[in-house]
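There are 2 protein chains.
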Amino acid sequence: MRFFEDLTLGERRELGSFTFTAEDIKRFARQFDPQRFHLSEEEGRNSLFGGLAASGWHVATVYMKLLVADTQRSDREAAARGEEVAVGGPSPGFRKLRWIKPVLAGDTITFSSEIETKRISESRPEWGIIQARNRGTNQRGEAVFSFLAIGFVPLRNKSA
Amino acid sequence: MRFFEDLTLGERRELGSFTFTAEDIKRFARQFDPQRFHLSEEEGRNSLFGGLAASGWHVATVYMKLLVADTQRSDREAAARGEEVAVGGPSPGFRKLRWIKPVLAGDTITFSSEIETKRISESRPEWGIIQARNRGTNQRGEAVFSFLAIGFVPLRNKSA
Numbered sequence: 098m099r100f101f102e103d104l105t106l107g108e109r110r111e112l113g114s115f116t117f118t119a120e121d122i123k124r125f126a127r128q129f130d131p132q133r134f135h136l137s138e139e140e141g142r143n144s145l146f147g148g149l150a151a152s153g154w155h156v157a158t159v160y161m162k163l164l165v166a167d168t169q170r171s172d173r174e175a176a177a178r179g180e181e182v183a184v185g186g187p188s189p190g191f192r193k194l195r196w197i198k199p200v201l202a203g204d205t206i207t208f209s210s211e212i213e214t215k216r217i218s219e220s221r222p223e224w225g226i227i228q229a230r231n232r233g234t235n236q237r238g239e240a241v242f243s244f245l246a247i248g249f250v251p252l253r254n255k256s257a
Numbered sequence: 098m099r100f101f102e103d104l105t106l107g108e109r110r111e112l113g114s115f116t117f118t119a120e121d122i123k124r125f126a127r128q129f130d131p132q133r134f135h136l137s138e139e140e141g142r143n144s145l146f147g148g149l150a151a152s153g154w155h156v157a158t159v160y161m162k163l164l165v166a167d168t169q170r171s172d173r174e175a176a177a178r179g180e181e182v183a184v185g186g187p188s189p190g191f192r193k194l195r196w197i198k199p200v201l202a203g204d205t206i207t208f209s210s211e212i213e214t215k216r217i218s219e220s221r222p223e224w225g226i227i228q229a230r231n232r233g234t235n236q237r238g239e240a241v242f243s244f245l246a247i248g249f250v251p252l253r254n255k256s257a
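These protein sequences, in sequence, are chains V and R. Quick note: to get the working numbering, add 97 to the position in the first sequence (first position is 1). Quick note: to get the working numbering, add 97 to the position in the second sequence (first position is 1).
Just so you know, the hints here were simulated from the structure itself, not pulled from any lab data. These figures come from a predicted structure and were not determined experimentally. Treat the hints with care, as some may be off.
[As the list claims (entries may be wrong)] Covered stretches of chain V, as calculated for chain R (at least 3 residues, CB under 8 Å): (1) 123-131; (2) 157-163; (3) 190-196.
[Unchecked claim] In the BS3-like style, the derived pairs of lysine-lysine whose C-alpha atoms are separated by at most 27 Å in a straight line are: (4) R:Lys-162 with V:Lys-162; (5) V:Lys-198 with V:Lys-162; (6) R:Lys-255 with V:Lys-162; (7) R:Lys-255 with V:Lys-198.
[Stated by the list, open to error] In silico negatives: residues of chain V with every beta carbon more than 10 Å from chain R: (8) Gly-107; (9) Arg-110; (10) Thr-116; (11) Ser-137; (12) Glu-181; (13) Ser-210; (14) Arg-216; (15) Arg-237; (16) Glu-239.
All residues carry an ideal CB built from backbone N, CA and C; glycine is no exception.
If we strip away everything but chain V, and leave its shape as in the complex, we get (with noise of 0.2 Å):
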């Protein structure tokens, strides 16, 4: 993860895509969302949703899946050529989470995050904080999923 400092406003990350298969899906489904739709391609056509969906909770654990490796591998990048790699504090949570359209079997969806905020915290100085608009967009160039994130990020200078 890169230091507050080296952060800036509107900057976007491509985390990637991921193509949701019917067995992704199901095999999700039975584990956390065993809802009808999510196990069935005849409940899913005969639902809302129009075909077998993905549960919300899986695009938000696939977008974390992506967050994550996206941040290990340029983690190991920075470290190759020699620069001191910032360790990122927890999450509190996030806001606004909106799972705008269906991601049926077959989608292919690309996430990004975008830094919309950024502010160094008042109760704990040595930390920033920033807001990062994170979106999912199917093969049709369609929004499927988006949220805005709130983590903790350290200073490079904390004497700052």
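Since the structure of chain V is provided, determine the placement of chain R on it from the hints.
Chain R only, in chain V's frame:
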């Protein structure tokens, strides 16, 4: 699921409890959130969490699993009493998700859901819209997880 007319403001459902074992925490993290403090006791102790901590997404999906199980159980009971069972609509999203305290290995979290607002949809008057405050509380009575879910619930009397 129950019909819009049968839901009352302030009504609270107890969804049940789940104990997050170290094995559960690591298995979820390997699948979806492979950060060090979710994968190793030692890394967890050395982090701000102070111990092996469950991914926030793991806490959210366990809530979902208990919600679905409780809904399916009450649907079966209602059907056994000969009552008509409502079929819910998709959730458009939620608001103000907060991971308030870490969930550490061995913690038992009890989840509940309380109806905070209910209204009839203006654009789709055969549906009601409810907002429910969902909470997770640990074995010491401390709130660890909270969010405001939004859901569509069908009206029993669609000509209303």
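Each hint tested on the structure:
no. : hint                     : verdict
1   : 123-131                  : holds (count 4)
2   : 157-163                  : holds (count 5)
3   : 190-196                  : holds (count 7)
4   : R:Lys-162 with V:Lys-162 : holds (20 Å)
5   : V:Lys-198 with V:Lys-162 : holds (21 Å)
6   : R:Lys-255 with V:Lys-162 : violated (42 Å)
7   : R:Lys-255 with V:Lys-198 : holds (25 Å)
8   : Gly-107                  : holds (24 Å)
9   : Arg-110                  : holds (17 Å)
10  : Thr-116                  : holds (16 Å)
11  : Ser-137                  : holds (15 Å)
12  : Glu-181                  : holds (17 Å)
13  : Ser-210                  : holds (15 Å)
14  : Arg-216                  : holds (19 Å)
15  : Arg-237                  : holds (19 Å)
16  : Glu-239                  : holds (15 Å)
Hint compliance for this structure: hint 6 alone is broken.
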